[in-house]
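Number of protein chains: 2
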Amino acid sequence: MANSANRPDTVVISNLSPLVEGGKFPAKRVVGESVTIGADIFKDGHDQVVATLGWRKEGTKDLEEVPLVAGHNDRWEATLSFPETGFYEIVISAWADDFLTWLHDFERRLTGDQDDFNTEIEEGRVILNSAAIRAAGGRAGADAQAIEDLTTILMKSDPKDVPALMYAPGILELLARWPDRRLETRSDEPIVINVETKLSAFSAWYEFFPRCATGDASKHSGFRDCLPRLDDAKEMGFNVVYFPPIHPIGEAHRKGKNNTVTALEGDVGSPWAIGNKNGGHRAIEPQLGTIKDFVWLLEEARSRGLEIAMDFAIQCSPDHPYVEEHPEWFYRRPDGSIKYAENPPKKYQDIYPLDFHCDEWELLWKELLSVVLYWVDKGVKIFRVDNPHTKPVSFWEWLIAEVHLVDPDIIFLAEAFTRPAMMQMLGKIGFTQSYTYFTWRETATELREYVTELTKGEMRDYFRGNFWPNTPDILPHHLQHATPSAFKIRAALAATLSSSWGMYSGYELCENHPLPGREEYLDSEKYQLYQRDWNKPGNIKPFIKRLNEARNQNPALAEYANIDFIHCDNDQLIAFHKWTDDGSNRIIVVVNLDPKTKQESNIHLPLEALGLSHGAAFEVEDLIYRETYTWRESTNFVSLDPRTKPVHILKVKTS
Amino acid sequence: MANSANRPDTVVISNLSPLVEGGKFPAKRVVGESVTIGADIFKDGHDQVVATLGWRKEGTKDLEEVPLVAGHNDRWEATLSFPETGFYEIVISAWADDFLTWLHDFERRLTGDQDDFNTEIEEGRVILNSAAIRAAGGRAGADAQAIEDLTTILMKSDPKDVPALMYAPGILELLARWPDRRLETRSDEPIVINVETKLSAFSAWYEFFPRCATGDASKHSGFRDCLPRLDDAKEMGFNVVYFPPIHPIGEAHRKGKNNTVTALEGDVGSPWAIGNKNGGHRAIEPQLGTIKDFVWLLEEARSRGLEIAMDFAIQCSPDHPYVEEHPEWFYRRPDGSIKYAENPPKKYQDIYPLDFHCDEWELLWKELLSVVLYWVDKGVKIFRVDNPHTKPVSFWEWLIAEVHLVDPDIIFLAEAFTRPAMMQMLGKIGFTQSYTYFTWRETATELREYVTELTKGEMRDYFRGNFWPNTPDILPHHLQHATPSAFKIRAALAATLSSSWGMYSGYELCENHPLPGREEYLDSEKYQLYQRDWNKPGNIKPFIKRLNEARNQNPALAEYANIDFIHCDNDQLIAFHKWTDDGSNRIIVVVNLDPKTKQESNIHLPLEALGLSHGAAFEVEDLIYRETYTWRESTNFVSLDPRTKPVHILKVKTS
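If you're matching them up, the sequences are chains V and D in order.
Following this note's numbering, the numbering of the first sequence begins with 303 at its first residue and continues without gaps.
Following this note's numbering, the numbering of the second sequence begins with 303 at its first residue and continues without gaps.
Take every hint as true, because none was put in to throw you off.
Calculated pairs, DSBU-like style, for lysine-lysine (alpha carbon to alpha carbon, straight line, at most 35 Å):
#1 V:LYS693 - D:LYS462
#2 V:LYS462 - D:LYS693
#3 D:LYS847 - D:LYS594
#4 V:LYS641 - D:LYS462
#5 V:LYS326 - D:LYS363
#6 V:LYS458 - D:LYS648
#7 D:LYS326 - V:LYS693
#8 D:LYS359 - V:LYS326
#9 V:LYS462 - D:LYS648
#10 V:LYS458 - D:LYS641
#11 D:LYS898 - D:LYS758
#12 D:LYS758 - D:LYS363
#13 V:LYS363 - V:LYS668
#14 V:LYS326 - V:LYS683
#15 V:LYS594 - V:LYS847
#16 V:LYS559 - V:LYS838
#17 D:LYS649 - D:LYS559
#18 V:LYS536 - V:LYS559
#19 D:LYS326 - V:LYS363
#20 D:LYS641 - D:LYS559
#21 V:LYS462 - D:LYS649
#22 V:LYS838 - V:LYS521
#23 D:LYS458 - V:LYS641
#24 V:LYS649 - V:LYS521
#25 D:LYS758 - D:LYS500
#26 V:LYS758 - D:LYS758
#27 V:LYS326 - D:LYS693
#28 V:LYS641 - V:LYS683
#29 D:LYS462 - V:LYS648
#30 D:LYS559 - D:LYS898
Hints listed in this document are in silico derivations from the structure and should not be mistaken for laboratory results.
Here chain V stands alone, though its shape is the one from the complex (with noise of 0.2 Å):
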């Protein structure tokens, strides 16, 4: 800590926050989100203690400042929220008061019996006086005026009026604005905020492979054949599509169809073994189209309000450019050939894995930079990060501040499905959001659980949960051979719990069917063409369409950490509430966990946290089923059947 006047510190500023790890990482908001900076601050002695946050974007100068507002034992706390995505720097200072001092002991002397206070009368036109002086040196004659006004007041005045002439209105502001600051102490190191654009906590995903965008499995589909698929996810209420690689695929080991080692004649390949003879990751398929079909792509999406993310997986088919021009990139055999993807005992024999620690590994990280950087320049503002957690927790720190640099407003989707460390380490260092274990959380418990380490611990500060029911790789137990209930109830779970959230396409038909025993697609998309009709009966997409709705119209189903659960006394429903800072949108969502049986419970509302008071009646309106309740007080019983509606999600009418 330091001070102006190169003083040891007057004041202990400690325990600063939000900081992770110490503030190894900044702590990420995003545009217009709240975040309340805290610290302990103290002084030996009695002297009265002023606190203020200074904040400035990185980068720029002047510190703008806020005061911070002191609570329960010396934490001093003050809310604040950016209009701008940027790095912001938060510096604390505290000093104590020689004017706030001199009037609240001034007071307490009026409860004792000292008669003569001229000395103490007199020390107050001295420290008003200096208040004077620093008000005109900064150029603020009013205010100079005003303060010598007062001292004249103070002057003559009776002991006992004189607390009244300093709590007049406008005084102690006035007073505020020319503080003694000589001997402040200033917080060591800022705390940094990383504040993003909306999108990177408010977004809903919609996968699809473009290849198989018409359904018609006997022809491989183009971009210029995705226009009904963009329409569909618009019109279900979507504002990220994300398309699995679209660039050549290998043919060298190339899989064929349910993942068995050799393909057919005609068998497609998986799309995340890219690259051959057309190039590698800055090529696009040739069947999907060309850079110029892409790019008019992007732009039919952007033009719905939809943008388009790109998946980035770094990893070679045998046929990637790479392994011809960049030998020294891969691992090598005793006997110098390439060594393809292990896990021992699986071998993928259709991949060359890159060795980001070879000795040619800045080239390497370089090239793997300006491929990025290839289709930012074609207008792609969101990456999907294929295994983040195979390659070095370093090179993505230094490639998203790379790319950060160029655009901040890039967004990152970390697809780490691994131990908490790694995945919580790949939000610190710049992930904007990450997959998580939602898709196997199932309970109420489990869910409430998993729900309050995000929002409620340090992961708050760094880790954005992006929920999803399904991916191409993941069809859970839950919902296979599963009703329409089931795929409902999951997607309401994961629209409402997380700000974000994502399907993969086939959810909305209720697709269904596992490879027996696994936890996967039969005949998946990654590996074949897939037949489809979009608009299958027995479809949710209106219901699809209702959830995101609801996300689109509520402000509080828009914010990432604002939930607190509500106590069900059938453990079957899952309760939670979810709101805006000032309170103008309050939303409860109250699911029916069970796919096959209706559920029934009272449920213990928290009228306070509700904005709601008690004896009143209040009125609930189902924004899935368009219905108004009536509900009074506290506890209050919800029926929910799964055929007919699993779930509520309810706006709180305070009118």
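Given chain V, put chain D in place with the hints provided.
Below, chain D without anything else, positioned relative to chain V:
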């Protein structure tokens, strides 16, 4: 992070512990006390990671390495202890181990359908060969030869025999001595552990006023009268004797008996009003003796195994030499006169506080340091610091560091009865021990919660609570007009809940008369000489002796944080156990918190934690009352009658 090859990090090392405020302050231990160092360590992919902890005493060069062991969720730990006082730096290193990765993959390959292992054997040869070269380069010819021999066998081995070959005795250890660490990652900043003297955590303090040593109120005692007190303290088993200030006492505005504003002729004044014409903080009150007498007493104490703790109270009477010599160090009124201490409307005309941020602050700080060093030079090893929270934290941080440059074993006890944040910060910046809220924690719940906060949370690493049932300033309500049982109960709690405790003399005589309506003593020694029979009938000296004897003979009671509570069905009882890391000493304490009524309860022992097994009987020996009980299983019955036996201090006999 960094590595010798100046490459990006290959491994992630994060969430290091213990770190006090993210590493701003060292974590504290004492000589021989264990500290568990932990970190999240992981890397991308499937490599086998090896991690070590390197430690060195600050200022020395070579790191000594200890392996870290992986536990749940990528958490790695090692527990160590240090044999000498000093600051120790700990650095964590981790790398992907080529040999272990190869061996692990080899084993997994054998579970698959692979036939040809020539490539893998050749890879093993290359890895072993590199290790042999490193061994030879490290002048470990025998290891190099052993690795070469191993290579020869490997080349001739059937693949299925390779694991057995490598897991043969000594082979893993041999290769672990010569790993390839060129791409290792090292933690950014060291964890620092401040290892202090055993006395820093294990101390039993006996406070008395030397001017009252003889117990004859008609005569001012001096240092030469103190030997019987030292003998008594020694006999009761204390290891620290603490004196209130021994300096000349101010005469201007001297306080009279029971803190009256005007002293009468012959009133001795408060020793905390320091300084008169005979000198200030370097001088000794003439009625106590001379410096020579003091040094003689220090030596007499030390020959009995006692340290004398000195009071360091930075405040001056109006007669203190500083007032004339350095008026610039004091606060002034507008008329230039020096300000006495105030906490309006209270006035303390007998004390002038110093202005630590005056223009001449550097001279003032250095003078105060030189006062401490003066007494260190005379042989004082322990300072009890009066009201440190009314002086700047930055001052103490500087002063303690400076003193420790001269003698790192000097102990500072913070007498800060104030809000938690300040008390905690004083521990962080260097105070060895701190007074606590123990004095006011009465119920089983209050005591459990408080001790848990001190020993199980983050405070464990920087705050050592010294538990005092009374002080010259505090006769708590529960001891006012109380029976000897109450005194025994509070002493037993203090002496066993913490490894440091202290009592202010008179406690052993059960002195229990308060100033009416206050938590202070009637006719307090702070303001007058005091008449006492040090062997007054009904004293609890034998009980205190047994208490300290139990502490002195049982290392489990000498450690600070090794405490866990035991469930009692009756909440009028509190029970807990303490242990040594090696399990060689285990103590169970049960205290009846009700000084008036016999209380009985089943208590529920954690058998496994106590090193006991189900089914077998075991003996517990009461160290106070010299009785042995045979217990069995976890639930055992305890009956404590405050009139005869308010506590059990039970040694578990596991022979």
